[in-house]
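Engineer: Chains as they are written, first to last, in the numbering used here: chain U, 1 to 110; chain A, 1 to 113.
What the hints contain is simulated information worked out from the structure, not anything from laboratory work.
Each residue gets a CB set at the ideal place from its N, CA and C atoms; glycine is no exception.
Pair by pair, the computed Cβ-Cβ distance ranges are:
| hint | chain 1 | residue 1 | chain 2 | residue 2 | range |
| --- | --- | --- | --- | --- | --- |
| 1 | A | Gly97 | U | Glu45 | 18 to 24 Å |
| 2 | U | Thr105 | A | Ser65 | 31 to 37 Å |
| 3 | A | Arg44 | U | Asp78 | 30 to 36 Å |
| 4 | U | Arg109 | A | Asp28 | 42 to 48 Å |
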Amino acid sequence: QKEVEQNSGPLSVPEGAIASLNCTYSDRGSQSFFWYRQYSGKSPELIMSIYSNGDKEDGRFTAQLNKASQYVSLLIRDSQPSDSATYLCAVNPNDYKLSFGAGTTVTVRA
Amino acid sequence: DVKVTQSSRYLVKRTGEKVFLECVQDMDHENMFWYRQDPGLGLRLIYFSYDVKMKEKGDIPEGYSVSREKKERFSLILESASTNQTSMYLCASSLTGSGYGYTFGSGTRLTVV
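Based on the provided sequences and hints, a complete structural model is requested.
Structural biologist: Below, the structure is given as structure tokens:
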């Protein structure tokens, strides 16, 4: 079993819709969870971090965490063409290394 | 802003050459990492370092070595470059502690011919 699994893409959504990205993790002791956005040919950029159960909102992005279900998600509201990218889920099971999912590619069509 | 700087954006090397990829961070981070990223394979950890002169193998260390003589600098060395090492190489740094994510450099796209 992979440490971090993301829903397979690609995910295509119309402009203005909600894009929903899902991630599950295997290490129940994980405490910190991150979402990175990676544009084609660029490096990953941290867009959200979440540490407690529940929702965390930042602009059009909402991260949701459920530690009991070992599940973290990212919602992108009012999706824009500029949101077209690969989104990486990352989990911190210890003090040093992150475990990354394989990524979900999102395409927002105009 | 935390900055992680990789010395080259694009690099073309010949098979058998010794290749040095340099990474420098300016925020006093203890941890530094080298990843490679290939289509369909995601991020794969090559080596990481949690302190000066300390290094740990990642998932795919074969054919690579690293050096960390100063806290801010972490170098990746390809001892004898091969075509299967053509890839995007990403350096990252972080503070120690479960609450910290990584900051990535802009990446080096290495082509070995």
